[in-house]
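Student: Sequence:
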Amino acid sequence: MTTISFQVAEPGPPTDASQDARRTTPGPPSSAAPSLFDSDPEKGGSTRLDRATSGQPSQQAEIEEGNWPTEWRAWTTLCACFFLMFNSWGLVNAYGTFSSYYKDVLLPDTDALYFNLIGATECFMVLILSGVVGRLLDAGLYKYLLGTGTFLITLGFMMLSISNGNGEWKQGSFANIEATHGIVAGLGMACFFVSSSQIAATWFHRRKSLAIGIVASGASISGLVYPIMLRFLTTSIGFNNAVRCVAGLIGITALFSFFFATPNPKHIHHSPGSWMDHRAWVDFEAFQYKPFNWFTASIAFLFLGFYPVFFNLEEWAAYKGFGYKAGIGRTSGPGEHRPLTAGLATYYMLAIMNAMSTFGRVGAAWLSDHFGAVRVHTIATGVSSLLLLLLWTLAPNFDVAMVFVAFFGVFSGSVIGLPPASMANLLGKDPRRQAKLGQWTGMMYTFAGIPALVGPIIAGHLISEYKTYITVQLWSGACLMVSAVCMGIATMYKHREEPDMVTSDQSDSTDQDEDCRTNNPTIRSNASSRTVSSGVSTVDRRRDEQQNEKSDDEAKKAKDDERA
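0 is the number of the first residue of the sequence shown in numbering that gives the first Met the number 0; add one for each residue after it.
These are computed hints drawn from the structure, not numbers from a lab.
Among the clues, some could well be false.
As the list claims (entries may be wrong) - When the alpha-carbon atoms are kept at most 25 Å apart in a straight line, the in silico SDA-like pairs for lysine to any residue are as follows: (1) Lys428 / Arg205; (2) Lys289 / Gln433; (3) Lys428 / Gly371; (4) Lys289 / His369; (5) Lys142 / Val131; (6) Lys142 / Phe259; (7) Lys169 / Ile227; (8) Lys466 / Leu343; (9) Lys428 / His204; (10) Lys428 / Pro262; (11) Lys142 / Ile227; (12) Lys289 / Ile127; (13) Lys289 / Gly427; (14) Lys142 / Gly272; (15) Lys466 / Pro107; (16) Lys466 / Asp108; (17) Lys142 / Arg72; (18) Lys142 / Pro271; (19) Lys265 / Ala279; (20) Lys265 / Ala138; (21) Lys289 / Lys428; (22) Lys289 / Tyr492; (23) Lys265 / Thr69; (24) Lys428 / Arg495; (25) Lys289 / Leu343; (26) Lys142 / Phe255; (27) Lys428 / Leu343.
The task is simple: from the sequences and hints, build the whole structure.
Tutor: Printed below as a string of structure tokens:
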């Protein structure tokens, strides 16, 4: 751990040089001194806070930097944010089990396109509102978001449990399921999704990617817990009561997040001058940054093809004869059924894929801290596309199918868990851009909302139209391949812009030196046991030289007196 303290140098005796300094250099800060926010960051201006956080010291109390925070609130916040992801994107991951029950029991004669539409609506709600949620987070309104999300998700699943008769054969209503599971619960998930990673990131500066990876693993654990929980409880107490139990677990864990998920008090929140100004919601500076544009395009293609895999995995396994539908005892699919060749319930395959994604999320986050999030993200997305195009399409038996489930689970965890860390990586170390991380991440996800809605619908139509799952396999693989290419281009532009950012930093050094001369700080680093004068003006050096000359003159005069 490195401890850095800032002190103000004590003024020396009033020499001519120091008098010149008082005439040419502003004095110490007073009540009339400019504040940290003497420039509006919403208009792209650089603030004194920006310069302080860019590495130039300010006249502050002792600041400690370490790999991990020592305050207990950081760790309770990390746990609370884990549950925010558990109850947002985790429920999207678990939708395949709900969809399977809707198709086989509640709505057996309904086209597969409609079941994909319900899951796509969840994704759409979560993503399309990410820009709004990110901006509200930047303004410090996190408690309103968490309270609203807790209420809406719990309400949505409670309404789902009472809106489909007894939850038995052909008693379902597509409109009711879409309204409760897709729209109401989806709105609540939107309040949690961006909040989970951005609140946790305020506490973990040196290990930000790993912290976000731990939070993202909540979606994987949720995708393991909820499918198994729903299937076992449906068999024993019925679908409606099982959904009520799911709603109860959501409510308990969401309340924990509401009370314990708090940003770091040192994190700066900025509210717009007017919420009606379009600049409060859309930062047009982002579109001038090419890495942002290409990475946003990559995330759009990613969501166009990613979730059809999870939504249709169980149906594909049953159609191929690699498993059976628990509680139903038969296979289902768009065309002719294959003979059952394995005794594994299909929902276990979805649970295993989600469980394996935990390793991908955490492992990729650790690698990102060492090799860069965008590089790791690009490689993981490329490998995932190859797994879909080569391994999933050609799986001839149960063993190969399980290999695909395991490996795609690992790499899919990296693919879906890294976008926030990759965006932070693309923004570099520019403090003004980093201050807008929540808004830029939200904008990125907002642009992915329409593809997330359209992608599963297209996949469902392809299955119904061509009576085979090879269509969705090729569709998903091609979308992820295009996504990987766009990520690679974003990485290329990032490296091209880094020299420009360095030049820009050097051009700002004059203003930073003036601030340092005003405060005249001395930095002491315990790690290196060095004293470095940062921004000390030439006036101070002249004063020291004159003092030394005066001392030499006095010593010479004393020697002359002794000789006389």
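Student: Decide, hint by hint, whether the structure agrees.
Tutor: Hint by hint, here is what the structure shows:
With a C-alpha separation of about 12 Å, the suggested pair lysine 428 and arginine 205 falls inside the 25 Å cut-off, and the hint holds. Pair hint lysine 289 plus glutamine 433 holds up; C-alpha atoms about 16 Å apart against a cutoff of 25 Å. At roughly 13 Å between alpha-carbon atoms, lysine 428 and glycine 371 fall within 25 Å of each other, so this suggested pair holds. Proximity of lysine 289 to histidine 369 is assessed by CA-CA distance (about 24 Å); at most 25 Å being required, the pair is judged to hold.
Proposed proximity of lysine 142 and valine 131 is supported: the alpha carbons are some 15 Å apart, at most 25 Å. For a cut-off of 25 Å, the pair hint linking lysine 142 to phenylalanine 259 stands: about 10 Å separates their Cα positions. Straight-line distance between C-alpha atoms of lysine 169 and isoleucine 227 comes to about 23 Å, which keeps the hinted pair within the 25 Å bound. The hinted pair formed by lysine 466 and leucine 343 meets the criterion: a straight-line CA distance of about 24 Å does not exceed 25 Å.
Using a Cα cut-off of 25 Å, the hinted pair lysine 428 and histidine 204 holds, with the two alpha carbons roughly 12 Å apart. Restraint check for lysine 428 and proline 262: the C-alpha separation of about 20 Å stays at or below 25 Å, so the hint holds. Between lysine 142 and isoleucine 227 the alpha-carbon distance is near 31 Å, which puts this suggested pair outside the 25 Å criterion. Taking the CA atoms of lysine 289 and isoleucine 127, the gap is near 22 Å; set against the 25 Å cutoff, the hint holds.
Distance hint between lysine 289 and glycine 427 is fulfilled; the C-alpha atoms sit about 13 Å from each other, no more than 25 Å. Straight-line distance between C-alpha atoms of lysine 142 and glycine 272 comes to about 21 Å, which keeps the hinted pair within the 25 Å bound. Only pairs whose Cα atoms come within 25 Å are accepted, and lysine 466 paired with proline 107 is accepted, the gap being roughly 16 Å. Our distance criterion of 25 Å between C-alpha atoms is met by lysine 466 and aspartate 108, whose separation comes to about 15 Å.
The suggested pairing of lysine 142 with arginine 72 holds, with an alpha-carbon distance near 16 Å, which does not exceed 25 Å. For the hint linking lysine 142 to proline 271, the alpha-carbon distance of about 18 Å falls within 25 Å, and the restraint holds. A threshold of 25 Å between alpha carbons decides the hint, and for lysine 265 with alanine 279 the separation of about 22 Å falls inside it, so the pair holds. Among the hinted pairs, lysine 265 with alanine 138 is consistent with the structure: their alpha-carbon atoms are about 14 Å apart, no more than 25 Å.
Only pairs whose Cα atoms come within 25 Å are accepted, and lysine 289 paired with lysine 428 is accepted, the gap being roughly 16 Å. Taking the CA atoms of lysine 289 and tyrosine 492, the gap is about 7 Å. The hint holds against a cut of 25 Å. With a C-alpha separation of about 14 Å, the suggested pair lysine 265 and threonine 69 falls inside the 25 Å cut-off, and the hint holds. Straight-line distance between C-alpha atoms of lysine 428 and arginine 495 comes to about 15 Å, which keeps the hinted pair within the 25 Å bound.
Distance check on the hinted pair: lysine 289 and leucine 343 sit about 47 Å apart at the alpha-carbon level, beyond 25 Å; violated. Distance hint between lysine 142 and phenylalanine 255 is fulfilled; the C-alpha atoms sit about 12 Å from each other, no more than 25 Å. Annotation: proposed proximity of lysine 428 to leucine 343 is violated, straight-line Cα distance about 49 Å (limit 25 Å).
The structure fails hints 11, 25, 27 (numbered hints given earlier, in ascending order).
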